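**Student:** Keeping the supplied structure of chain A fixed, place chain B upon it in accordance with the hints.
In order, the protein sequences belong to chains A and B. Residue numbers for the first sequence follow numbering that gives the first Met the number 0, so the first one is 0 and each next one is one higher. Residue numbers for the second sequence follow numbering that gives the first Met the number 0, so the first one is 0 and each next one is one higher.
Please keep in mind that the hints were generated in silico from the structure rather than gathered at the bench. Hints may be right or wrong, so weigh each one.
[Unchecked claim] To list a few chain B residues with every Cβ distance to chain A over 12 Å, as calculated: (1) Ile-8; (2) Val-10; (3) Asn-51; (4) Leu-71.
[To be verified] Which residues of chain B face chain A? A partial, calculated answer using Cβ under 7 Å: (5) Leu-34; (6) Ile-76; (7) Val-77; (8) Val-85; (9) Gly-92; (10) Ala-93; (11) Leu-104.
The model shown is predicted, which means the values in this text are computed figures rather than measured ones. Using N, Cα and C, we set each Cβ at its ideal position, and we do this for glycine too.
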Amino acid sequence: MMEHWIIAPVVLPAILAPLIVLWMRYDLVTQRVASVIGMLALLTLAIALLVSASGNPPEVYRLGGWEPPYGIVLVLDRLSALMLLLNAILGLVVVLYAIGSGWDRRGWHFHSLMQFQMMGINGAFLTGDAFNLFVFFEVLLIASYGLMIHSGGKARLKSGVQYVVYNLAGSTLFLFALGTIYAVAGTLSMADLATKVAQMPAGDSALIRVGAVLLLLVFAVKAALVPLQFWLPATYSNAPGPVAALFAIMTKVGVYAIVRVYTLIFPITGTTDTLIHDILVPAACVTLVVGMVGVFGARDMGRAVTYAVIGSIGTMVLAFSQFTQGATSAGLYYMVHSTLAAAALFLIADLVRERRGRWGLALRDAPLMHNHGLLAALFFVAAIAMAGMPPLSGFLGKLMILDALRGHWWLWAAILITSLISIVGYARIGSQVFWRSYAVKDEETPELREDVTAPALAFTATGGLVAALVAVTVMAGPVSTWMQGTAAQLFAPAQYIDAVMGGAEARAQEAARIGAQDHGHAEVIDHMAPADRAAEGASQPQTGHDAPASH
Amino acid sequence: MEVLVASAIGVLTAAGIYMILRLRTFPVVVGMSLLSYAVNVFLFASGRLVVNEPPILRDGVTSYTDPIPQALVLTAIVISFGMTAVAVMLALGAFIEAGDDRIDLDAQEDEQ
Numbered sequence: 000m001m002e003h004w005i006i007a008p009v010v011l012p013a014i015l016a017p018l019i020v021l022w023m024r025y026d027l028v029t030q031r032v033a034s035v036i037g038m039l040a041l042l043t044l045a046i047a048l049l050v051s052a053s054g055n056p057p058e059v060y061r062l063g064g065w066e067p068p069y070g071i072v073l074v075l076d077r078l079s080a081l082m083l084l085l086n087a088i089l090g091l092v093v094v095l096y097a098i099g100s101g102w103d104r105r106g107w108h109f110h111s112l113m114q115f116q117m118m119g120i121n122g123a124f125l126t127g128d129a130f131n132l133f134v135f136f137e138v139l140l141i142a143s144y145g146l147m148i149h150s151g152g153k154a155r156l157k158s159g160v161q162y163v164v165y166n167l168a169g170s171t172l173f174l175f176a177l178g179t180i181y182a183v184a185g186t187l188s189m190a191d192l193a194t195k196v197a198q199m200p201a202g203d204s205a206l207i208r209v210g211a212v213l214l215l216l217v218f219a220v221k222a223a224l225v226p227l228q229f230w231l232p233a234t235y236s237n238a239p240g241p242v243a244a245l246f247a248i249m250t251k252v253g254v255y256a257i258v259r260v261y262t263l264i265f266p267i268t269g270t271t272d273t274l275i276h277d278i279l280v281p282a283a284c285v286t287l288v289v290g291m292v293g294v295f296g297a298r299d300m301g302r303a304v305t306y307a308v309i310g311s312i313g314t315m316v317l318a319f320s321q322f323t324q325g326a327t328s329a330g331l332y333y334m335v336h337s338t339l340a341a342a343a344l345f346l347i348a349d350l351v352r353e354r355r356g357r358w359g360l361a362l363r364d365a366p367l368m369h370n371h372g373l374l375a376a377l378f379f380v381a382a383i384a385m386a387g388m389p390p391l392s393g394f395l396g397k398l399m400i401l402d403a404l405r406g407h408w409w410l411w412a413a414i415l416i417t418s419l420i421s422i423v424g425y426a427r428i429g430s431q432v433f434w435r436s437y438a439v440k441d442e443e444t445p446e447l448r449e450d451v452t453a454p455a456l457a458f459t460a461t462g463g464l465v466a467a468l469v470a471v472t473v474m475a476g477p478v479s480t481w482m483q484g485t486a487a488q489l490f491a492p493a494q495y496i497d498a499v500m501g502g503a504e505a506r507a508q509e510a511a512r513i514g515a516q517d518h519g520h521a522e523v524i525d526h527m528a529p530a531d532r533a534a535e536g537a538s539q540p541q542t543g544h545d546a547p548a549s550h
Numbered sequence: 000m001e002v003l004v005a006s007a008i009g010v011l012t013a014a015g016i017y018m019i020l021r022l023r024t025f026p027v028v029v030g031m032s033l034l035s036y037a038v039n040v041f042l043f044a045s046g047r048l049v050v051n052e053p054p055i056l057r058d059g060v061t062s063y064t065d066p067i068p069q070a071l072v073l074t075a076i077v078i079s080f081g082m083t084a085v086a087v088m089l090a091l092g093a094f095i096e097a098g099d100d101r102i103d104l105d106a107q108e109d110e111q
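Okay, chain A solo, but in the shape it has when bound (with noise of 0.2 Å):
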């Protein structure tokens, strides 16, 4: 019964939005209601699959019955149930927020386009197919270009275009990998291409190889690793705050793909090699100084958190670009703690935004705002999180990364000091944000804008991820024991490629038996179930797949 629950947290947003959009289209009110209780639902659902999938092997959803790999299937194993939770706490907390500082009021379908977010970021987190993960791709992204514009506004346009125009191509060249890997291996069910590429003869890598390296390229685009870092931070600086704290999980999103595709597909173990690897360390090391000394450099606030952002993708692509296990559970640790923790920074640097009027969040002498103490303190918390700082869940995610890189003196050396230079940035921009403002005498505390809801509901959000991140903390032990469990399974590819591929030829026998059951059989054969079909169609030597391979 567990089974039709995985492709639920796909299909309620993709209902859920156009209901939005055509139904509620003139009422801000119902589709803030629709909007919330689409979210809790989400985050239901996702607490209920993680407990289904801490307990159980892989599971998997075979869409319209179609038997891998000539079907689609979406697969919920841990590392995807953690991410669908992940993603469903920010969508929540996101909404909240964008309701509370009045941000859904300034532009249109706000609420529709973070139903389509969740709905092609959950579907990228669960796919199995890599197709199907470009098309998932896709769909965030579209929904991203809508969320990024949204409220309008002549720098948030031109980066809007920017963001577009970098992403079209990153798509473009997920094709073309997708095209190389087709080519090679005749498949593209990431099941089924882990069984074909361990089996294929080093002889004929190359292509493999390439196509495998092409990937990666796609997936640090999405991730932000330096050299493909530079559409981020204009993006998420000029994108709306909320929006901003949402795009924290998008990074994610390629980070997600990478481990998932390098440890089941293109293990270090197998045709690949220590390919990625060798890749993969130099260019998260690159990534981690140029988003640690970004933050100190930045000249305004959102910058820095957005620089904040690359360098925390740069800190969790080192752990997980060693391949083992105790470094994935601790960049699983880490990735969490971050993507709350700057989520937290977005809504943060939002909130001060809207209340230091004029001076934005320029690092410039500006009077007291609104609220002052109550945004001091929970910049002074998040940031002390973020930087990696006892006694938060940073220290303990750097920690266990660093344990992981036991013997690696100089990746030690990378991550301490970036960790220092960021904690100087941290406190120059808390100390002329916060502390100075109390030396200007001379100007107006700046009005509150008048279109905000309720601040209070706004603070309760930013408040929450704060929260997030404590219980991250205080929860430390049973957490990364999960994410031990976790690792494990990544590591032991075996349990997901028969989750998905296993089982078929058990089901093809039940088939032919409720077939031999059936009275008119000779009749409905033209009918059968696309399941029955398939099922049949492997159970003989099937020439169709193979074929394209030995042309």
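**Tutor:** Same frame as chain A, but now just chain B:
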């Protein structure tokens, strides 16, 4: 035929990349379209080039063309069409807001 298809993909890709690197939105959008044409032809080629054969898998049929890349290309065409439309609308919006169609951000705008 292989030479023809391969060089067509190459020329389209090269022209597309050149256009994407321009500084105005119009050439960039045209470049994106060229790139997506290139990748569509490339996807066809990934199923091997076969002429005059049915794209159907059936018992007893020995020569056919691979149907999967055709399905992939169809999806890719639809998606790239939609994406190009979005890019055009955005570029138009930016042009109307900003009064010029430059694609780069100058330092001042970038800081806002």
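**Student:** A separate judgement is required for each hint: does it hold in the structure or not?
**Tutor:** Cross-check of the supplied hints:
A Cβ of chain A approaches the Cβ of Ile-8 of chain B within 12 Å, the least distance being about 10 Å, so the stated non-interface status is violated. Distance check on Val-10 of chain B: its Cβ is at least 15 Å (rounded) from any Cβ of chain A, clearing the 12 Å threshold; non-interface status holds. Even its closest Cβ contact with chain A, about 16 Å, leaves Asn-51 of chain B beyond 12 Å, as expected for a residue assigned away from the interface. For Leu-71 of chain B, the non-interface assignment is contradicted: its Cβ lies about 6 Å from the closest Cβ of chain A, within the 12 Å cut-off.
This hint holds: Leu-34 of chain B has a C-beta 5 Å from the nearest C-beta of chain A, less than the 7 Å allowed. Using the Cβ-Cβ criterion of 7 Å, the hint placing Ile-76 of chain B at the interface with chain A is not satisfied: the shortest such distance is roughly 11 Å. Below 7 Å, beta-carbon pairs count as interface contacts, and Val-77 of chain B has none with chain A, the closest being about 10 Å; its hint is therefore violated. With 7 Å as the threshold, the beta carbon of Val-85 of chain B comes within range of chain A, its nearest partner Cβ sitting at about 6 Å, so the hint holds.
Hint status for Gly-92 of chain B: holds, given a least beta-carbon distance of 5 Å to chain A, under 7 Å. Interface restraint check for Ala-93 of chain B: the shortest CB-CB distance to chain A comes to about 4 Å, inside 7 Å, so the restraint holds. Annotation: Leu-104 of chain B was flagged as interfacial toward chain A, and the flag holds, the nearest CB pair being 6 Å apart, inside 7 Å.
Hints 1, 4, 6, 7, counting from the list given before, are not met by this structure.
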